Structure formats: C-alpha cells, structure tokens
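Asks: Below, each chain spelled out in residue letters.
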Amino acid sequence: MNLDITHFLVLGAILFGLGLFAIITRKNAVLVLMGVELVLNSANINFIAFSKYNGLNIDGHIAAIFVIMLAAIEVAVALAIVLNIYQNYKHINVDEVDKLKD
Amino acid sequence: MPSNLGFPILTWITFLPIIGLLLVLLVPTGKDERNRGVSHLIMRWITVGITFIQLIFAIIIYLNYNKGLIGVNDVSTFQFVEKLTWIQANFPIVGHIKIEYFLGIDGLSAPMVLLTAIVCFVAVFPSFIIEKGVKGYFAMYLLLDTGMMGVFVALDFFLFYVFWELMLLPMYFLIGIWGGPRKEYAAIKFFIYTLVGSVFMLLVIIGLYYSIGSFNILDMMNPQNYKPDSIFSGLHTTIRYVAFMALFVGFAIKVPSVPFHTWLPDAHVEAPTPISVILAGVLLKMGTYGMIRIAFPIFPDAVGYFQSLIAWVGMISIVYGALCALGQHKVGQRDFKKLIAYSSVSHMGYVVLGLASMRPEGVSGAIFQMFNHGTITSMLFMIVGVIYDRSHTRGLDEFGGLANKMPVYTGIMMVAFFAAIGLPGLSGFISEAMVFLGAFNTYPALTIASGLGIILGAGYMLWTLQKVFFGKVPERWNRPWDPTGKKFPTDDLIAREYVALVPLALIIIYLGVFPQPMLDLMESSVNHFVEIMRPYVVIGNFLSGM
Amino acid sequence: MTGDTIIYLGISILILPLLSFTINIFFGKKLGKFSSIVATSILGIDLVLSIAIFASKVFGSFTSLHKQIGIFIFEISDKIIQLKFTWIELGSIMLKVGIGIDNLAAIMLVVVALISFLVHLFSIEYMAGDVRFSRYFAYLGLFTFSMNGIVLANNFLFMYIFWELVGISSYLLIGFWYEKKSAADAGKKAFLVNRVGDLGFFIGILILYFSYGSLLFDDIFGNLANGKLPFDNEIVLTWSGIFVFCGAIGKSAQFPLHIWLPDAMEGPTPVSALIHAATMVAAGVYLTARVFAMFTASALSFIAVIGAITAFLAATIALTQVDFKRVLAYSTVSQLGYMIMSLGVGAYTMGFFHLVTHAWFKAALFLASGSVIHAMHHAAHHIGNHHTDPQDIQNMGGLRRTMPWTYRTFLVVTLAISGVPLTSGFLSKDGILAGTLAYAQLAGGWHWIIPIVGFASAGLTAFYMFRLLIVSFHGNAKTEVAKHTKENNWVILLPLFILSILSFWFWYSPNPLDAHSGWFPKAIVQPQSVAPDEMQWEFLLFENGYNTEHTATEYHHYLNHFEEAVHQAHYPAMFISLIVAGGGILFAFLVYQFKIFNADNIAKQFRVLYNISFRKWYFDEIYNATIVAGTVGFSKLSGLFDNKIIDGIVNGFAWLTRNFSYFIGHFDNVVIDGLVNLLANVTGFFGAMVRYLQTGRVQTYVAFAVFGLLIIIYFFI
Amino acid sequence: MFEVSNFIVDTQKSLMLFLPEIVLLITLGIAILADLIFKKFRFINAYIALVGFILSGMLLFNQKTSQFAFLNSFVVDSFATYFKVLILLTNIIVILMSFKSKELIAENRSLGEFYTFLIGMTFGMFLLTGATNLILIYLAIETMSISSYILAGYTKEIKRASEASLKYVIFGAVSSGIMIYGISLIYGLAGSLNLQNINLVLQTNKVGTFPLLISSLLVIAGFAYKISAVPFHFWTPDVYEGAPITITAYLSVASKAAGFAILIRFFKTMLLADTNGYNYIWTMVSNIDWSYIVAVISVLTMTLGNIVAIWQTNLKRLLAYSSIAHAGYLLMGAAVMNDIGVASVLLYFLFYLLMNLGAFYCVMLASNEIGSEDIRDFEGFGYRSPIIATTFSIFLFSLVGLPPTAGFIGKFYVFSAVIDAGMIWLAVVGVINSVISLYYYVKIMRNMFIRGIDSEKEAIKSSALGISVVIVLALLTILFGIYFSPILNWTNASASIFVGN
Amino acid sequence: MDWIKISFWFFAILIISSAIVVVTSRNIIYSVFSLLFTFFGVAGIYVILNADFLAVTQIMIYIGGILVLLIFGVMLTNRITGVDIKSGQTGKFQLLFAGFISVVVIVLLIYLFSTAKWSVSGSNKEINSSINAIGNVMLTNYLLAFESASVLLLIAIIGAALIARRK
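Protein chains in written order, with the numbering used here: chain A, 22 to 123; chain B, 175 to 720; chain C, 520 to 1236; chain D, 1180 to 1680; chain E, 358 to 524.
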C-alpha cells in the first residue's frame, strides 16, 4: 500500500472528528480550546498534503502558517476570556456558564 | 370633460388630516389640571375643524363631479386626477422602475370619499369623551383619516397599498389604548388578521408589477398591457385564479365576510365608540371597495370562475351574521356592540352578494349599501356610545325603558334601527332592495336564502329595541345619569351628540326617499364596470332578452 | 273634477297624515292636548278629500289623456287615473313608480279616511291623560299615511314600501304601552310574523321584476296579457302569485300566520279598531284584489282554501274566549278569511264589498268594546278595584242598563256581523256564500268543502257574537266594577253612531236582500284575468281541467257561467245562511240568556274540543316549540360555533405556532409546562437529546450547529 | 518568480486603492497612542475614530472602482464600497450610542480600547468586503471575530458579558475551524486559494458535485456564523443579550453586513459558471441548486428567528431573534442568485441598518433610565418618554415592514426579487413570517402604550444627543419609506460585483 | 515499507492515540501533555510532506507558545493541589450525541475523499527547503494578508491584555 493523499486526509479527518468531540464533550474551557486546536491542526494537515501532492503548491504552506498564527491568537484571546470567566465564576466549566438562555 | 378644479383637491382632502396631526402635536400639554383641560379643548376643536374642512372639500368634489363619466378602467374619464412621478429609478440591469403618485376618483370611489368625510367628521364628537392621552388619540385619529381617504382616491397600486397599511397602525393604537377590557387581544387580533390579508395582496401587487411594468391599477385592467410570458399574462390561468383568491381573501377579511369575520366582534366590542364608528362606517368598506376597484376588474376571468363562490360567501355572511347577532344569547353577557358588530357582518354580506350579481342594480345597490351601512352603523354605534358614556356598560340585560328616560334619543335611535332592518323610506331599504333585485337575476336561490337575513335582522333588532328601550327602567338607572350635571346636564342627548347623530339621521331619511343623487353619482361607472365584466361572468339576463 | 285634480287630491290625501305625523312628533310636546285637535282636523280634511275623490271617480267619467310634466307622467283613463315617474334610474334600468286611483282605490280611500278620522275622534277622549298622548296621534298619522300609500300604489315597489311602513307603524301602535312586556312582545311578534309573509311577498316581487324589469302593475299585467310568463314557465306564474299572496297572509292574519292578530289586542283599543279591524288587516285583502288579475286558477284555489281554513279556525277559537277584545280579534280573523275565500272563489266584487261593510261594523264593535273597557276601567278606578280585568267578559254583565247607547250601537253591528237581513253584513255575506256555492257547483268534488265551511262559520259567528253580547250586556252585573260603569260622553259615542248607521243596508242597495241591485257591483267589476287561457279558472267548468278540444273562445264564458250560477245560488244561499245564523243566535240565547243549556256542562262534555278552541288550536305553542325554538337553537349553535370552532381553529393555529416555536425554539426553560409533553411527541433519541441539552450551554450549540449542518448536507446530496 | 517591477507597480496601484483602509490603520495607530497619552480625556478615541471614519468614508467615494489590488487578492468595486459605507455608518451611529451608554461609562473603566477595537474590527470588515482570496477571507473574519469577542466581553466585570464573550469565542472558534477545514478542501479541489482562479478551475474541470457541495457548505458555515443564519445562529441570542448594548447593535448590523458581503461575493466570484458575458441572472457551476439551498436556509432562519422571538421578554434578546429573522429575509434576496436579488439585499440592508440601530438606540436610552431591558418594565414607557417611545415604535413598524416606513420598501424589493425569480413559495413563506413577526414587535408597543397608561411613574428625561439621533434615524426611516429613488439608484449601481474579465 | 511509510504510520498512530487521550482523559494535565504529542506528531507529518518550515513553525508556535499558554490556563484556573484538576463528568446523551456527530463527520469526509477529484499535478518536484518559496509568496501574493496579520496580532495582544488584566 503506497502512501497517497488519502492517507493524510483521513488522518486529518479523524483529527477533525476528535477535535469536534472534544469541543462538544469536555467541560473544562481549556480542554474545549484544545479541541479547537485539533480541528485547526487537521485543516493544516490537509493544506500541507494538498500542497505536497499538487507539485508543492506553496499556497498551502502559506495557509498553514496563517492558520497556526491565528490559532495562537485565538488561544491567547480565548484564554484571556477564560481567565475572566474564572474571575467572575471561580470555575471554568463551560456547561455551568449558562445564565444566558431562553 | 373630467372635472378638474385647477387645484389638487384630492391631495388636499387626503393630506389635510396630516396637517391637523402636526397641529395637534404642537399643542402643548398643560401641566396642571386646568391647562390640560384647555389644551384638550384646543386639540378637539382642531380635529373638528380639520375634518369639517375635509367635509367641505368632499362636498366641493361632489358638486363638481361630472356624473356622466365612466371611469373604472378608462383613465381619461377619471376626475380630479393628479398624476406625478413619485419614484423613478434606473436599473442598469432590468430597465427602470416607476411608481406614480396617481389620484383620481370615479363613480365607484366618489360615494366612498363622501362617506369617509362624513363619518370622520361626525365621529369626532363622540371622541370628546376621551380623557386620557388626548393628544395621541387625535393624532392617531387624523392619521387614520388620511389612510382611509387615501385608499379611496389612490389609483396606483403601490400607493393604494401604502395607504391601506397606513391605517392599520393608528387603528391598532386606537383600539389598544382607548379600548375596553380586552383591548389588547382585540387590537392584536385586528392587526394580525388584516395584515395576513394584506401581505398576500403585496405578493399579488409584485406579480402584477412584473406582468405589466407599472403599478397603475387602470393599466392592470387591460389584458393587452400584460407582457407575454409574464406571471399573469393570459386568461384563465391557475396563477391568476390563485392571485385573485389572494386578493379576494385579503379584502374579504376586511369586509369581513364569513369565515374571516371573527376579528370584527372583538374589535368592535373593545374599541371606543368613535373608533367603532369609523371601523364600521369606513374601514369595512375598504374591503368591498378593494374588490370592486381592484380584484374584480383586474381578474375578471377569475371572477367568472369564482362568481358563485363569491355569491355564496355573501349569502352565508348575511345569514350567519344575523344568526350570530341573534345568538348573543347568554343572559347577562349580551353585549350591545357585539350585536351590532355581527349585524355589520350581515349587512356587508349584502354588498358582497350584490357585487357577485354583476348586474347594474346589484352593483349599484352594493355601493349604495356601502354608503348606507356606513351612515346607519355609524349611528348605531354612536347610539350605543351614548348610553355607554352614561352608564359605563353595554350589557343589553342591564337596560330597559330608556324610551321614557330618553325620549329624543329613542326617537333618533329608531331611525337607525329601522334603517338597519331595511324599513322602506330609509336608505337601507333602497340599497338592500337593489341588491336583491340584482342578485335575484343571477342567483335566485341564494337570494331567497338571503331573504332569511331580513327576517332575522328584524328579529334581533326589535328584540334589542324592546330590551333596551321598552319595558321598565331598572332600579339602578332611576337616578339621573350624572347627578352632578357636569358632563350630562340632561338625561337625554346633549348638544354634541345631536351634532353627530342628527345629520346622519337626515342623510338616512333623505336617501331613503330620494336615492337618485347618490345613484347618479355611481351610475355611469357601475354600468361601465358591468360592461367590463360582462364577457367573463354570468349575468342573469332575462331582461336583456326582452 | 278632472283627472289632474284627482291626482293632486290623491297626493294631498297621502301627504296630509304625514304632515300630522311630523307636526306631532316634533311639536307634540309643545302642543299638548292640542295635538289631538290638530291631528283630527287634518284627518277631517283628509276625509273630505277622500269623499270628493270617491264621488267623482266612482260616479263620474274621464276622458283618456296622456301627458308629461317634468318627470311626471299623467295617464288618465276612465278606468284608472295614474301618475308615474322614474324613481331610480341606472342607465337602461329604470324603476318606475307612481300612484293610481281606480274605483277600488277610491272606495278604499274613504274607508281608511273615515275610520281613521273616527278613531282619531274617539281617541281624544279615550287616550286623554296618557303620557305619550301626542306621540300616539303621531303614530296614527304615520299609520294612515302608510295605509293610504298602499291604497294608492300602482306598483309593487310602493306597495311593498308602504306595506313595510304599515308594519312598522302597527308595531309602534301595538307596542304603544311598551312598559308592559306583553305589549312590547305583541308588537314584536306582529312585526316578525308579518316579516315572514313579507319575505314571500318580496320573493314574488323579485320574480316579477326579474321577468319584466318593471314593477308597475300596468307593465306586469300588460306583459302577462301578451303571453310573457315569468321564467317562461306557467308554474312560476302560479308560484309568483302565491308568493305575493304570502304578503296578504301575513298582513291579513290568514292561516298559518294568524297568530299575531289576537296578541295585537295589547294595543290601545282604538288602534285595534283602526288597524286590526278595518284597515291594516284589510290591506292583505286589498292586495289580493289589486293583483287579482295575475292569479292562476291554482293560485286562486290555494287562496280560497287558505281563506276557508282561516274563517273556520278563527270562528271556533272565538267560541270560548273570554277576553272582550280577543273574541273580536278572532272574529276579525274569521271575517278576513271570508273575504280571502271570496276572492279565491272568484266572488271578487262580494269579497271586496265585505271588506267595506266589515270595516264599518268591526270598527264599531271595537270602538264599542273600547267604550266598555273605558267605562270598566274608570269604574274600577273609581271604586279602587285594581284586580278586576276590565276586558274579561266574565266580569261584566248588565251593561245594557248602565251603558244604553253603547249597547244599542253594539246590538246593531252585532246583527250586521251575524248576517241578519236589513244590515250591510247580510248583503255582503250572502253574496260571498252565494259565490262559494256557485263555485262549488261549477267545480264540484272537494270544492264543496268551501261553502260548507263558509256556512258553518256563519253559524258560529252568529253564536259567538251573541254570546259576547249576552254575557257582557245582558243579565246582572257580575262584579262591582260592572255595576259602577257609566255611559261615556259624546266624543266616544259619536263614532259609534256613525258607524252603526253605516251598517244598514240602504247605503249600498235599495233591495235589502240583494246587493246586486246596488251601485257597488257596478263600481267594482271583476278584472279580466291576464293569466294564459289555460291557466284561468275556466278549467273548473270541465272536470278534467283544460281540454284541448275546446277552442279558446269558449273559455271566456266562465264569468257568464259563474254569474249565472251565483244568481241561481243566491236564494239557496240566503236561506241556508238565514237558518244557520238564526240557529246560532237562538242557541246563544238558549245557553246564555235563558240558561237552558249549561255552558259549563257543554264545555265539560266536549272537553277536548273546548280545549282546542280555548287554546287556539295550540298554534302559539307549536310555533314556539318548532320555529322559534329552532331558530333560537340554531342561532345559539352558530354563536357557539363562532366562539368555539372558528376562533378555536384560529387560536389553534396560534397555539400550534407557539408550541412549534417551543420545539424548535429549543433552549427554553426546562421547567415550562407543556414543553415536556410536546417534546414527548418528538421522536425518540433526538427529542430526548433536545430536552437534555437545552440549557443554554455553548457546547450544545456547537453540537446542534454541526448537526444542523449535517442535516442540510443530508438533504442536499 | 515575479517581475519585481510589475510587482512594485501593482503595489503602488494597490496602495492607492487601499487608501480608506490605510486611513483606518493610521487612525488605529493614533488611537492606541492617544489612549496611552491622554488618559484623562475619556472620549478622545471616540473623536479620533469619528474623524478617521469620516475621512475614510470620504476616500471611499473618490475611489476608482472595479479594480483588483494586491495581485488579485483584493478587489475594489461598488459592491464592496456600498458595504463599507454601511459599516462606516454603523460605526458612527454606534459611537454616538456609546456616548450615552451607562453600561459602558462606568467608574474606573477606560473606554480608549473600546474605540480601538471598533476601528480594528472595521478594518477587518473592510478587508472582508473586498477579499477574494480564501486565506485573506479567513484572516479578515478572524480579525473581526477577535475584536468582537473582546468587545462583547468589554464590560468584563459583568457576569453576563463575560459569559457572552466565552460563548462567542468558543462558537466562533469552532465555526472558523469548520470554515478553514472547508477552505482546505477547496484548496485541494482547485489547487488555489484565489477565488478567481478557483472559479476558472471549477469552470473547466469537473471536480465532482459532492465534494464541491460539502467544501463550499463548510466555508459558508463560517459566513453563516457571521450573519447568524440557521444552524449557526445559536450564539446570537446569548451574545446579544450579554454584550453591552452598543456592541449588540454593532454586531447585529456591521458584522452581518460584512458577512453578507462575503457570502454574496463568494457565490458570485467562485461559483459562477460563466464570468464572461453574463447577464444579470447567474448561472452556477456544476449542477448544485445553490439558490434552493440558500432559500431553505433562509426559510429556516427567518422562521426560527420569528417564532422564538415571540417568547422573549428581554428586549435585547428579542431584537437578537429579530435580527436572526432579518438575516432570513436578507438571505431570501441572496437566494435569488441574480443581480436584482443582490440589489434588493443592498437596499434592505441600508434600511435594516437604520431601523435596527434606531431600535437598539431606543432600547439603550430607555434601559439607561429604567435600568432593565425586560419588556415588562417598559409598561407605560410611552407616557414616561413619548418621544423615544414613538420613535421606537416607528423603528418597530419598520422592522415589521409596514408602509410608509423604509422597512416596507426593503421587504417590498426583496419580495419583488424573489417573485421575479419565480420563487413564489419563498415569497409566501416570507410574508407569513412578516405576519408572525408583527406579533412580537407589537408586543413591545403594547407594553409601551397600551399597558400602564395609568401608571404614575415619573417622566423620563433623556439626553438631547440621544433624542436627536433617534429622531434623525426615525425621520430617515420614514423618508426612505416615502421617497427612495436615490437609494434605489445607488443600490442598483452597486449591485454588480466585479469578477474580472 | 520504506521509512516514509513507517514514519507516517508511526506519526499517525501517535497523533490519533494522543488525541484520543486529549479528548477522553479525565485529568486535565494528562490531556495537555497528550496534546504535546499530537502537535509533535503533526510536525512529523509535515516533515514527511516536505514542509520543513512548517514543521519547525509547528513545534515553535504550537509547542513553544500555544501549549505553554494552555498549561498556564490550566494552572491559573485550577487549584494547584490537584484535587479539582479533573474535568467534570459529561452526560451520557451528550457523549453519545457528540460521538455520533463526530463519527458521521469522519465518515462523511472519508466518503468525500473517495469521490473527490483532487487537483493533483504529476510533477512531484523535490526541493530541499520551502522557505524560499514561502518567503517569496508571503511578501508578494500574500502581502496584504501578511500585513493585516500584524494588525490582527496587535489587536489580539491589546485585547488579551485588556480582558485578562485584573481589576
């Protein structure tokens, strides 16, 4: 079995699914953010894989760089918000932050 | 030649109340009790003045109206026409769009303009009783006035629709703020019902616009104006039928015809007296006016298809409305206004029946009935208002013997009551008889069935008469209405009530004996209308075979 | 007098009472007692004018003339003087109306004017002191105006308009003492019952308008004569006739709509005399006579049967009533049945003749009863007895002595109504009975029922009228009140005298035994039927109806045959009627005067019959149980339907929308009731999931967003 | 790889086209500095921002349009300009709102950053309206999002604001994650990240319906999150309720505008089958019925927004659902997939801006005094503050879409576009929804005017600035309901999207 | 099996297994450290795919930056004594539903991969380093994005500081 693009894509897909699972199920806000990172990583794997199999199309790399950068930004801001939540609620359980609802 | 006064009288008559509205808004509200009283007085009399000028305008229109001109779909014979480009925009993509400020009247709308002016004028007087939120009240009242008048003079569908919707808003507040105990429910019910009807109208307007490229109602009546392959091109297509039904239902809700009528009793019962007057006197007419001005001439083929359905709707409304009025049976809960509201359903059924007949008598009768119902029911509601103002109840079971307590009132009331049951010599009879004469030609069986409405109508009216006016005065009303004598110096009518009631009574009697002035007004247009419809509809024509 | 003058006089006659109405309604309060004087004088003028018209029209002749002044078209001929104009015009459609005066109308005008005048006069005293004194005279004016309108109408539209106006003014007059519930009820009942008949009338008018595009009698009858039938259908002609006759059924209180008239006695007694004896109820007869020409044979048979039934039914009821006025009321119904029956059998002249004679003596009877009641009332008031019903004949007796003049006039007119020779009643009644006999002879078969019923009713009439006379006037006073009665003053008595004098034969015919020798039959000639030949009642001549073997000319002999038969039947009829009337009177004397038979015993023996009569054949009960209850029930039902079903549907939709929004609007409060129930309906896992997750948690949102995306993808691949 | 001189020429040209954005960036810089230097002047940044926005707006009108910039990764066309104008308008109104927001103006709170983030977010939105490169789109959306997360939680000591920002950031991160995954798939399919290039590939190569559908939907999910379309609307009510009301207003208009801009551009630039010589009706690549898909989403969005709004008692939350519903109406116009539809969206959006901002402004002014956004506390408000209540009612009627208000004209044109495209069923659903919406809008008016008419609560005095702004907005709402020719012309001129040639 | 395959499978298994720990572990610290392995594995995959610069970036930013941040986050929001350091229990339905969604998503994507016609060019040119190319493109084609990213970073820094700052 030769390695072809699908292997990488499936790897990315599984990572995507796991990330989604983490986002939905983990109670701790930090863990939810980790799930987001998994999702972003899966996208990155896709980018790099497509880049590689399309004659090393460099656009994919650029995209991946931006995604990494944005992931960092997002985590920074999100953690700041989580810390703020911690100050207000004394916990960071996402499912207990539910005062706003119908 | 179409009359034109060289001055935009239709614009004036329509937007005059807006000027009044601004004036009313400018009146400062007093800080203390006395100043407030003065400012209330000023606002009331501004409204009286404005509506009176409006009435004068209406009379000027009536006097200058050229009765020989046909109108309906012939733009050159509309009168007092004002036509300006209102909205013009160039689409780089689909050409340009044009909406016109197009006003004009013909025999179908002239009586309605007159009616609106009359009813709006007389209904100001019962409004004097309003004590809270006076400024808002008269502002809304005048806005409503503009909306109603606009509906009757607009010949551009877009403009028509704007006026049509414009009057919802003040009506909502007028019922909602100054209404009875269940005012919220009644107001929202009214609002939603009518909006349901009108939003579908909106879709039809858009479809028509794409079919002919303008909003001109008159152009919409000419099949040649339809672009080939547009939505409504051709005749007897399903989409045309559907569109007609959308319009018809939209208007039928306003009329209201059974089974779209349930908003009416609630709205009437809860609305303050003057608003009931306007609601019954003018607003309901907008439904039937919409039919005859818009739905029928634009979709004559669909009218042909649905004609008997329309007649059935009319017949069922007549009988069902009368039965419901009679069915106000639960002792202790009988409501005077509800009874009259249901009687309106019944009486407006005559209009629908008359229109469905497509005979000149029937259609004239229908328009005439619109006018007469406007005056008669206005009177009836004001009559209820008179005792409601004094006793603060409308329960039929709580009254009796008013004929002794208030003889003049009873006398005036009898004119309205007997007009409502179609007593000859009063205007209601002429129009109902004409409707029957026309409808019998086309739908004999339905007409006979509708005759049941006459008997039932007499039944509930006389029953009410007896309950309220005859018999003995109950204990609790033995004292004078207003022992302080401030508001009601006498037990009988006071001056402003005379001003409101007597002119209507005179109109009712006059038109009952000399209907021709009113019929002349509509004659040419009605005949032309019937001619337009003739190729498409069933018209009983034994006569023409003679 | 020229034709023009007659027209103008006619209009004046029409307008004058309206003037009286207007003056009294607006200035009545100010006029006070004078309002009666004003009204009576106006009616006096009216009467004079009527008599003038009567004299010149019936006994004069006119040259034909056709001219137009403005929109008014004058059409004058010897037969009828007409004024026509277009009232409502809509392009090609013109509704022409107008007034017409022929002999029928001229005579009727006098009847109306005279009785109205006398009633006005009578009322001045009778109604004195009433709180709404002037209002009363206003109403009388309105009524007279309307009645004159009916008389003068030469078209169905005016006829119908004034028909309704008569209805409304009678409503006002019957319910005049509206503080009394029974009075207000009676007014309402009268109006509504009349409306039922009017609906039929209106439908008849619609059919005719539909067919001819005009409502003028001339146009309609002219078209009919030219062979144009409504709907081109012969049956419809019959039906339209019957529909029009429905109006008469209502107004003339014919079976089955007769129930309103006895109740209408709640009105003041002069009113009863005016409208429920002489004029308004006669309007139905007048209408039938007016449109007589258009009735087909079948319609006429129908009319005859209705008349006969009414005559008999009412007579039986009158036997047992104890209320003075009610007896008279039923007697009126019975007599009206007579007239209708007479028209139905083709004794046109005699039917109308009976209308006139009956008008005099029945008005007199009512006014006399008014006199009695007035006296009783005052007596009761005088001695302070308020329990005694002043109208119950069982409380009277012996009034002959206290009220001699009333008694005498009453006796005269009782004789007249009983058909005793030398009275006008004898002339007309005999004519009618002869007509029925002739009719039965010619028609044969079941038609014999009609004369039999006629004679039976004549006998019954004589009996109950004398019962009334004897019980109330003869014998001894049965109560204190009756003892204290006093004769009334001349204002009340004068009308009685006039009317009773008019009940003698010599006004109408030199021969007290045969009306045909008088002027009346010459003035009132049966109109030529305009129905198609085969629909006219010649068929009665031939047992199997219209027979094609006969040529058309032969059928015009019917009238001759009929007249011949009437002539032959005249004496048999006279004898029989004398016998039955005499028998009735005799029996009344035997029972009530000489007490040879005990009335109570008879009642006991024939308890069933007595009850039927006393309870008026249970008509009111039946109607209440069926029609009234049905309508009320149905209207209740529709009220219910309206509130429950239609609103229910609308509210249901609102409910659905709201609850639907709960379902999709997911993240609502867990605790809100109803949500749980609703969610239970959502299937399985997903529903449970929604319920579990709707807490406003962001992770739930994410899950749903992704899930929603998946669903969208699922639907679009 | 590149001819350097070409690149320099292009960059010079691009910078000229980029002037409005550059002005924003300069303003941003000044604002950051000013915030550090002039600590005492609370609103200094507000004025700086206002000046910057106005300058930027002036530059917008002097731009050459229908140009590509930065090597085809950015486009300047009238469509983008239109949205930029809307965004600037929103900014200006929101800044005017912020002057009077009691929520924001608390003790010890510096407001400098507030305006800084507004400017930053505006920059992100400007980028988004013109971006034609998927990475740039992603970046722009993130720029917007990051700013808005912070803005939503700006009043950080208030619990519900922090909750809002947490929910917002998590939901936003997931949405952008999904979107970037979709971008990666599109990149795989087309081998490029530039929309024009992708379009060329899609026109020539058949990439398969299914992958294109999925990948596009994943990207659209990111847009849907911005415009709060179903099913990516979940964050909307909570965030709108929790965030300071100025930000709620801002989010409900500005970020939605940017979302719509990119959504429409995405369809028109990437999925158009024939960019050469197209007429105003779009033909899409492959056989996916995008029109239908968007129509379904639109129906779901407006229906959900409306029927849930009925239950709301918090005005902000109610308006949040109402803005979801309005996104549905706007999507109707987008679903038409032709230039008329685009024009109707543009028209509607301008009016939506007026009435929605007006409504939020009124709520803010009211809740400043009442101290609550609960609809029950608004009983009798119409008598305590007639002017605000009346203008509020005008906005609400406009939101319902009743003449003679601008909202009616907007709806009218959206329905026109829909009917013109033959999607009558969609129009029917649309009008039914307007009727439903009436119920909850009227509920507010009912509470203001019908209930509590006899309440004896004291009259409310509001600031002159607030009142004059709402009055101007209300007058505009009515004016555009009566006379709208210029707007029509403007929107129609702006409806064509530059896709190159 | 050449080394590329072997390493691919190694990294793949590493990524997936550590990711599973991340999403399932009840101990937050375990999760965070598993994430380290995931990132590391992804970097390995990058190397396999000739993305050397990316691999380095991945390690530097993700492991050096993001992960440290996350650990800070954990530490700052949990009491160090470790009693409370576990993530709370999640409901069964939620787990089931999340699992369902994730599985469906994965299956959907895999199905997509099987039907997609990727833009693949045959010429699989080998280059030593991608840095050159990245640098070129970044400052030409992606100039705008590059510059805008700096603005974004600036905003994010200010924002994070603003929000996280104690009162």
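Hints are supplied without guarantee of correctness; some may be wrong.
What the hints assert, rightly or not - Taking lysine to any residue pairs in the SDA-like style, the calculated list, with each CA pair at most 20 Å apart, reads: (1) D:Lys1385 - E:Ser478; (2) C:Lys699 - C:Lys747; (3) A:Lys120 - D:Asn1241; (4) B:Lys272 - B:Val249; (5) A:Lys48 - E:Leu453; (6) D:Lys1192 - D:Asn1241; (7) B:Lys306 - D:Gly1631; (8) B:Lys241 - C:Met613.
What the hints contain is simulated information worked out from the structure, not anything from laboratory work.
These numbers were taken from a predicted model, which means no experiment stands behind them.
Asks: Now tell me if each hint is right for this structure.
Replies: Here is how each hint holds up against the structure:
About 15 Å separates the Cα atoms of lysine 1385 of chain D and serine 478 of chain E, which keeps this hinted pair within 20 Å; it holds. Proposed proximity of lysine 699 of chain C and lysine 747 of chain C is contradicted: the alpha carbons are some 52 Å apart, above 20 Å. Between lysine 120 of chain A and asparagine 1241 of chain D the alpha-carbon distance is near 48 Å, which puts this suggested pair outside the 20 Å criterion. At roughly 18 Å between alpha-carbon atoms, lysine 272 of chain B and valine 249 of chain B fall within 20 Å of each other, so this suggested pair holds.
With a CA separation close to 15 Å, the supplied pair lysine 48 of chain A and leucine 453 of chain E stays within the 20 Å bound. A distance of roughly 14 Å separates the Cα atoms of lysine 1192 of chain D and asparagine 1241 of chain D; the hinted pair therefore holds under the 20 Å criterion. The hinted pair formed by lysine 306 of chain B and glycine 1631 of chain D meets the criterion: a straight-line CA distance of about 12 Å does not exceed 20 Å. For the hint linking lysine 241 of chain B to methionine 613 of chain C, the alpha-carbon distance of about 17 Å falls within 20 Å, and the restraint holds.
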